[in-house]
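Novice: Got chain C sorted already, so can you dock chain L onto it with the hints?
If you read the protein sequences in the order shown, they are chains C and L.
Okay, so the first sequence: first residue is 0 according to numbering that gives the first Met the number 0, each after it adds one.
Okay, so the second sequence: first residue is 0 according to numbering that gives the first Met the number 0, each after it adds one.
None of these hints come from the bench; they were simulated from the model.
C-beta: ideal position from N, C-alpha, C; glycine also.
Mixed in with the good hints there might be a few duds.
[Said to hold, decoys possible] Which residues of chain C face chain L? A partial, calculated answer using Cβ under 7 Å: (1) 21; (2) 24; (3) 40; (4) 42; (5) 45; (6) 70; (7) 75; (8) 172; (9) 174; (10) 180; (11) 184; (12) 187; (13) 190.
[Claimed, not checked] Now the stretches of chain L that chain C is said to cover, found in silico as 3 or more residues with beta-carbon under 8 Å: (14) 35-41; (15) 65-77; (16) 159-169.
There are 2 protein chains.
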Amino acid sequence: MRQFVVLGHTAPTEPEFELDDLAGGAGRLDVLCRCVNSAFFLSHAIRESVRVSLVLADEVTIRLEGTELRYMNPDERNIASLLRQALETRSEAIGQTEVESTPGIYVANRDFTSVLKRASAEGTLVQLHEDGDALADLDPPEHPVFVLSDHQDFTETEGEVLTGHADHRISVGPEPLHADHTISVVHNFLDTDGYTRY
Amino acid sequence: MRQFVVLGHTAPTEPEFELDDLAGGAGRLDVLCRCVNSAFFLSHAIRESVRVSLVLADEVTIRLEGTELRYMNPDERNIASLLRQALETRSEAIGQTEVESTPGIYVANRDFTSVLKRASAEGTLVQLHEDGDALADLDPPEHPVFVLSDHQDFTETEGEVLTGHADHRISVGPEPLHADHTISVVHNFLDTDGYTRY
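Isolated chain C (complex conformation):
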């Protein structure tokens, strides 16, 4: 199982946004949609053994499960519509209990710390950051949990929480990449057993 936790600092926590304005009024939800795309889509297939947790404004978390996903297309608009449905279902979520909005998509009132605690119990926590160690030197963990930030850097508080939990701090290369491009690179690194196979 490969996990990706993505922080959406300016992402909406309510469903009142327009699918025509993802990069504007919807608080750069386009960035998170592309992360979902990169995490799950193969050519004409879904990567089943993948879990994505989108942490929206440190308040709401949408969890997506590769084994259960249905009806998802790779375009930003379609993914955004599924995330909006999740936010519409949020009113049914009491406390930190999750509610399923569509197959394989769950929403809960969970913040970053809560998500990180659960994830670190399930695998090896890897923070992806421009200033980290080289990806090529990482021994691919069996159950990696990659933590990424959206178009904004990790806040100081998030950085402190991560320092307390992360097993590795890794950079994928000398260029500062978008989060979704980083996910594509990381998948390829794992697909090829750390560039040693294939």
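Specialist: Chain L in isolation, oriented as in the chain C frame:
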């Protein structure tokens, strides 16, 4: 200079399509928009030394130049609106002569063979294909021209044209990836000098 030539088999050649329906009525233009995104965008910057040629239905080619691009945002809708502007300008393009629609974006009545001939004179032609040799074994060319197909495989004719021109046939890994994810992986391979640096 890194070049990417992407074939859009079902892409529109006229501007009469809706930005709300990129994955449907616009013939999967969403795929090409994500390729443009992966080719050009760094975190808060544009990769300047990049050229992308989108070959639409083997009839129209839109060329994008990293050094000249302005006003482009990374979301599919914004990129699609720029491509639509290029197709609106197409009526001014006589023969194979290019016309600039917005800064750094040019349109011409050029087919795949024409684009490939020009590109192969400018650099080392690398076909990206599931059945190719391993990327990690490729000695990074100084001026690579990567040729990719959209959500459909290369046609038999395209394959024959490529066989005549391509210097390498490369696969980025054991999983069949989307074209835009492949571009992210290839950029990272070149950024790290073939995974030997960084």
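Novice: Look at each hint and say if it fits the structure.
Specialist: Checked hints:
no., hint, in the structure
1, 21, "6 Å, holds"
2, 24, "12 Å, violated"
3, 40, "6 Å, holds"
4, 42, "4 Å, holds"
5, 45, "12 Å, violated"
6, 70, "13 Å, violated"
7, 75, "5 Å, holds"
8, 172, "4 Å, holds"
9, 174, "5 Å, holds"
10, 180, "4 Å, holds"
11, 184, "5 Å, holds"
12, 187, "5 Å, holds"
13, 190, "4 Å, holds"
14, 35-41, "holds (count 4)"
15, 65-77, "holds (count 6)"
16, 159-169, "violated (count 0)"
In this structure, the hints that do not hold are numbers 2, 5, 6, 16, in rising order.
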